[in-house]
Amino acid sequence: MDPKKIYQKTEKGEDELRTRKYNIPQNLRQVLIFVDGKSNIAKVLEKASGFPNVGQTLEELAVQGFIQLDETVTFSGIKDELIATARQTLGADAEKVIAKIKDAPETKEGLQATMDNCKKYVKLVIDEKKAEELIRKCSEIMLRL
Amino acid sequence: MKIDITFFISIAAIAVMLYCLYLVTSLKQKVPGGIVGKKWNFLMALVSLFTVGYLSTPFFGIIPEDVLRLIVSGIFFFGAIYVVITVKLIYQIIKELSA
Numbered sequence: 167m168d169p170k171k172i173y174q175k176t177e178k179g180e181d182e183l184r185t186r187k188y189n190i191p192q193n194l195r196q197v198l199i200f201v202d203g204k205s206n207i208a209k210v211l212e213k214a215s216g217f218p219n220v221g222q223t224l225e226e227l228a229v230q231g232f233i234q235l236d237e238t239v240t241f242s243g244i245k246d247e248l249i250a251t252a253r254q255t256l257g258a259d260a261e262k263v264i265a266k267i268k269d270a271p272e273t274k275e276g277l278q279a280t281m282d283n284c285k286k287y288v289k290l291v292i293d294e295k296k297a298e299e300l301i302r303k304c305s306e307i308m309l310r311l
Numbered sequence: 121m122k123i124d125i126t127f128f129i130s131i132a133a134i135a136v137m138l139y140c141l142y143l144v145t146s147l148k149q150k151v152p153g154g155i156v157g158k159k160w161n162f163l164m165a166l167v168s169l170f171t172v173g174y175l176s177t178p179f180f181g182i183i184p185e186d187v188l189r190l191i192v193s194g195i196f197f198f199g200a201i202y203v204v205i206t207v208k209l210i211y212q213i214i215k216e217l218s219a
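Heads up: the protein sequence lines correspond to chains L and G, in order. When you line the first sequence up against the working numbering, it's residues 167 to 311, in that order. When you line the second sequence up against the working numbering, it's residues 121 to 219, in that order.
Looking at chain G on its own, in the form it has when it is part of the complex (with noise of 0.2 Å):
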């Protein structure tokens, strides 16, 4: 493993995602359901995909080509659903509380 600037980086996107993993399942309590509560369920399960993956990159340099490229098509992907959910929700709460 080599101990570079870009380790470092790794290690600091690895902290925010599990600082990202406790806000979720800490405001799961809070949301039971309805509106937000259906969503975050699924929010939950893409911050723990996140976080598997990106407590991969350090280990990247050693990973064979093809399945690096897989692991990071897979989170581009998955992070793209992510942005759509999180701003179709958002969608949701503003034309709830204007309604």
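With the rest of the complex left out, here is chain L (with noise of 0.2 Å):
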């Protein structure tokens, strides 16, 4: 199990959670509720902490079809939420960040050089703390990667 991917719950799930049409055990429903499209595995699993086996749960959750991995998360999609971030951090002082995003390889590690680096921009010429304010919020969505 990828620790960075992200489930989302299916029509299925959100139909149990909302009828107990289903009627799946406790630990399951508790576990689904964690799930909520956004999260990626590492995160349901820290905030669900309190329950025992929660990645198994998961699992079972996945094959009786309540959840599925989004696999939406694409590099285009995350540039565009990274793009966005940046625009609502900066302002009108993001064009040249949002330049570096656009240009930035489609690779994992490219990408966080790119994010480093738009960083020590951020902090050189516009705003310390908004750099790692951007930084914090970037390295959240890059997560899913």
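Treat each hint with caution, since some may be false.
To be verified - DSS-like mimics (lysine-lysine), calculated; alpha carbons at most 27 Å apart, straight line:
1) Lys148(G) with Lys268(L)
2) Lys148(G) with Lys208(G)
3) Lys268(L) with Lys213(L)
4) Lys158(G) with Lys295(L)
5) Lys245(L) with Lys178(L)
6) Lys122(G) with Lys266(L)
7) Lys296(L) with Lys208(G)
8) Lys122(G) with Lys296(L)
9) Lys245(L) with Lys274(L)
10) Lys178(L) with Lys204(L)
11) Lys122(G) with Lys295(L)
12) Lys295(L) with Lys148(G)
13) Lys204(L) with Lys187(L)
14) Lys266(L) with Lys295(L)
15) Lys286(L) with Lys296(L)
16) Lys268(L) with Lys208(G)
17) Lys303(L) with Lys150(G)
Bear in mind the hints are in silico, worked out from the structure with no lab data behind them.
Bring the two chains, given one by one in their own frames, into a single complex with the hints.
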């Protein structure tokens, strides 16, 4: 199980939460609640740390069709999110950072190197606090890669 | 005002300083803040001060000696501060880029 992947609820999963139609055991139901389509597996394991065998429960939920891996996580999608975050954090000063993200290579390492570079740029010529904020938000997005 | 080699050197120095003033003010738009941006405002103020000081050089012949000494020592002092800020800024940039 790749901790960076994201599970999302299927229609069946949503149905179960709304109507208890499939009457799944309580432990599966509790873990199903933690699957939000945004948090990666590592995050879900962390959130549900009070429950036993969460990893196994996730796999069981997937096998039974209540959740599925989000396969829509692409470099292009991640780049779009990074650009939106840069725009939101830096406002009018985001243009140079946006250009760097657009030009970034479509590999995890390449994108990571670009974001490190952006952090340095923002820290040097825009704002030190915004640099920290930007890199914190972008790291969360990149965890999904 | 005596027109000699000193006068022409002063005019050249003023021209260079005016160019420097143009550079720091135009670069300011590209450096709104951050480590460089904070120092840049101070560097701009110093360059403005030097420009005023340099503009007075053609009139050195008619300025009283004690005022002249004050101007020159002031320019030297702020020149030293300018150098310190520039060196520290370069140091911080290198430190940041190599982190």
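Results of checking the hints against the structure:
A hinted pair counts as satisfied when its Cα atoms are at most 27 Å apart, and Lys148(G) with Lys268(L) qualifies at roughly 25 Å. Our distance criterion of 27 Å between C-alpha atoms is met by Lys148(G) and Lys208(G), whose separation comes to about 18 Å. This hinted pair does not check out: Lys268(L) and Lys213(L) have alpha carbons roughly 33 Å apart, beyond 27 Å. For the suggested pair Lys158(G) and Lys295(L), the alpha carbons sit about 13 Å apart, so the restraint of at most 27 Å is met.
Between Lys245(L) and Lys178(L) the CA atoms are separated by roughly 31 Å; this puts the pair beyond 27 Å, and the hint is violated. Restraint check: the Cα-Cα separation between Lys122(G) and Lys266(L) comes to about 56 Å, which exceeds 27 Å; the hinted pair is violated. With a CA separation close to 22 Å, the supplied pair Lys296(L) and Lys208(G) stays within the 27 Å bound. Proximity of Lys122(G) to Lys296(L) is assessed by CA-CA distance (about 55 Å); at most 27 Å being required, the pair is judged violated.
Under the criterion of a C-alpha separation no larger than 27 Å, the hint pairing Lys245(L) with Lys274(L) is consistent with the structure, at around 11 Å. Note on Lys178(L) and Lys204(L): the hinted pairing holds, with a Cα-Cα distance of about 18 Å set against a maximum of 27 Å. Taking the CA atoms of Lys122(G) and Lys295(L), the gap is about 55 Å. The hint is violated against a cut of 27 Å. Only pairs whose Cα atoms come within 27 Å are accepted, and Lys295(L) paired with Lys148(G) is accepted, the gap being roughly 19 Å.
For the suggested pair Lys204(L) and Lys187(L), the alpha carbons sit about 25 Å apart, so the restraint of at most 27 Å is met. Distance restraint check for Lys266(L) and Lys295(L): the Cα-Cα separation of roughly 20 Å lies within the 27 Å cut-off, and the hinted pair is therefore satisfied. Restraint check for Lys286(L) and Lys296(L): satisfied, since their Cα atoms lie roughly 11 Å apart, inside the 27 Å limit. In summary, the hint linking Lys268(L) to Lys208(G) is not supported, as the alpha carbons are separated by about 33 Å, beyond the 27 Å threshold.
Simply put, Lys303(L) and Lys150(G) have alpha-carbon atoms about 24 Å apart, close enough for the 27 Å limit, and the pair holds.
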